[in-house]
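There are 2 protein chains.
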Amino acid sequence: MPADQDAAPTATLSEGPDAFGFEVTLSRGRARLGVLTTPHGRVLTPAFVAVGTQATVKSLAPEAVMATGTQLIFANTYHLYLRPGADVVAAHGGLHRFMNFPRPMLTDSGGFQVFSLGASLEHGVGKVASIFPGEATRAPKPSGKGLVKVREDGVEFRSHVDGSTHLFTPERSIGLQRQLGADIVLAFDECTSPLHDEAYTEASMERTHRWAVRSLEAFAGSAPLHGYRQALYGIVQGGAFRRLRERSAAFVASLPFDGIAVGGNLGKGHDEMNQVLDWTEPLLPPEKPRHLLGIGDVAGVFAAVERGMDTFDCVMPTRSARSGALLTLTGDGGEASAKRGVNARHRINIYNARFARDLRPVEEGCDCYTCAHYTRAYLRHLFKADEQLGQQLATVHNLRFMARLLERIREALAEDRFAELKREVLGA
Amino acid sequence: MPADQDAAPTATLSEGPDAFGFEVTLSRGRARLGVLTTPHGRVLTPAFVAVGTQATVKSLAPEAVMATGTQLIFANTYHLYLRPGADVVAAHGGLHRFMNFPRPMLTDSGGFQVFSLGASLEHGVGKVASIFPGEATRAPKPSGKGLVKVREDGVEFRSHVDGSTHLFTPERSIGLQRQLGADIVLAFDECTSPLHDEAYTEASMERTHRWAVRSLEAFAGSAPLHGYRQALYGIVQGGAFRRLRERSAAFVASLPFDGIAVGGNLGKGHDEMNQVLDWTEPLLPPEKPRHLLGIGDVAGVFAAVERGMDTFDCVMPTRSARSGALLTLTGDGGEASAKRGVNARHRINIYNARFARDLRPVEEGCDCYTCAHYTRAYLRHLFKADEQLGQQLATVHNLRFMARLLERIREALAEDRFAELKREVLGA
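Chains as they are written, first to last, in our numbering: chain Z, 1 to 428; chain W, 1 to 428.
Okay, chain Z solo, but in the shape it has when bound (with noise of 0.2 Å):
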């Protein structure tokens, strides 16, 4: 698809439940604004995705999700599947009605799980381990090991909620999609950790791709259950190989998936994600959109964008926030934050005394109801005085700092300014 820099972002698609599609409405070499439709609305592209594991966006109720210009939300298969089943959502009509959401919402396949409760938590190890140290390592161990079972035919995993044994196969994943009812679903997959070498990671893909191929009859063969249509992504896998994510993301592109994600092992940083997705992007079909899971950090976001990605999730801008940590384009500034990389630069700790008296809002120039109606010193009373407001506010503006970075980000596409608006918030 050609540059056009008059393009207005506007799809051709007709809405409603039967409507799922994506437009590249503008290419800058291979980044691209787009719209996808869905039986919930649009979703202007590049956009980010809160997550919202347990059918809730941790802390909010979905009017202040909204409100933050959150366009799409993720919810966890694994998780609803075990509690409260994923027949109790589809007794209510599917996720949307559940969690009374009515935007368009993802799930995953329960893959993701497998490692995340697997070798996650067996070796302390997160997706990309060095971007955010120690996030990887803040979920509960389980006192036993060997919770995950990889098999032919599926996985076998304990619950994390009271240790009963369970079977998720291809076909049961896209099972409980259905019944879960969000408008995008996964292809169930393994994901692999940085620690699995080429030989384990080579098995695992070509087990994921048998999978994919499942995945798809299994969608084809039943039929949606709440009245609308869903799509289903395949998924790329193949870790930090080159010759992996090659042959990875030219099968999964040659299937009739209606988009594709791109998961599993990104590296151990942000160039080995670089590498991954350059090495990727340029074999998956331009017309089709692209997910990549699990990133969500400041210069994660420019670089996902620039390499061809349209949307991305990342528990990073609400699970920090709950910390305590808020997202501003300034950061600390200074030295500390010099010393402490990339990300510090990119938010303050509330916690931290200098804000006691502090009556400006989170950060100057922000639209969110937090900016809008407090101080940072009574934020920072909140989080001391430990009252859950404080982490409501603090995952507002932290969605509506990440929703606002993206609608730079599609501003600056129309307008061919990324370059220059990477430099301004990334610096030199």
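These are computed hints drawn from the structure, not numbers from a lab. Every clue listed holds true.
Here are the simulated SDA-like pairs of lysine to any residue, each with C-alpha atoms no more than 25 Å apart in a straight line: (1) W:Lys384 x Z:Gly85; (2) Z:Lys384 x W:Pro102; (3) Z:Lys384 x W:Val315; (4) Z:Lys384 x W:Arg322; (5) Z:Lys384 x W:Ser323; (6) W:Lys384 x Z:Ala90; (7) Z:Lys422 x Z:Asn349; (8) Z:Lys384 x W:Arg83; (9) Z:Lys384 x W:Gly85; (10) W:Lys384 x Z:Ser323; (11) Z:Lys384 x W:His79; (12) Z:Lys384 x W:Thr53; (13) Z:Lys384 x W:Glu63; (14) W:Lys384 x Z:Arg97; (15) W:Lys384 x Z:Ser164; (16) W:Lys384 x Z:Arg319; (17) W:Lys384 x Z:Arg158; (18) Z:Lys384 x W:Asp87; (19) Z:Lys384 x W:Ala91.
Guided by the hints, dock chain W onto chain Z, whose structure is given.
What follows is chain W alone, placed relative to chain Z:
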């Protein structure tokens, strides 16, 4: 004031920053309808006052509190003095601006914490020991004893936050409440417990009377700091002793307070509380507003209204909400609730397995945000999954339950069918 069945509860007092006043618009026996006018707006009485101890009604943004029909809220001087400091609140222009709550507010004097962090923690008893079994002992017990020393000039206490030593005097309390800037502030008092004998309760009451005079003098000798008038209420003490309550009521009634609060030990249950109110109320000047401190269970509200109280605050509706106890007019129903006593009648425990697939709202016919959008099954899921949103939605419902209850009580008073409503709600 004679009963007037045609009088509508509209006030003639002018509004504005200097406004404070109270008009009884209709009397039914000792019960009355009224309008309380403050610099931050009017309150139709009888009214329930939600508790916002640390400058936040726990778990809710102020807009959510207001949407429940909550007309005024109560914050605690002791807590805010220790954290973030009354000076920090004052720098914001007072509590309303600090916490973004534009409606009327009250602060207590700090005197209640003398009780709740002294006798209550030492002996494990509550204000009305038998009404909410277990509630009084929920606060964390500090490791040491002797947190509080009552002296003639004031009360020396150790902070529950950091163990530091502080002195509250009537003058200090008024000064702090000037900084906090609530519409209604309370005279400094000592709140005795059911474990204090008559001799101690009498000595304490007499000291509280001397503190009442000093509070009035300190209040008259200081100006509001935030551009609007504040009102000062005196506090009737005297424990569950008739002789003392009558002396205290007469004494406090003789002083030029703007209103009168009934505080202290209200006895061992509703019967004793009712006695205390029966002794006290006839001695109070009918033209002044009366606040009953710390009562807010359904039966207690009816008892207080019919004994001429105009406002009452209680943590019960919000605290219960956070533990999954949702207020409903029907409650659990059936035998279990009959066994569990008067308060079980008006609450359901959302953790109960029988709600796992219950697609009904918390309470049929309730017009709150929670009942309009969510099922019992979703609420149970949020509580089981430890999601904050569960506590938020439950708090919204419980505050709306209290606001609706008081709306119905005001309506019943206007239509002269209070006794009928009481029978309907409380049973025979």
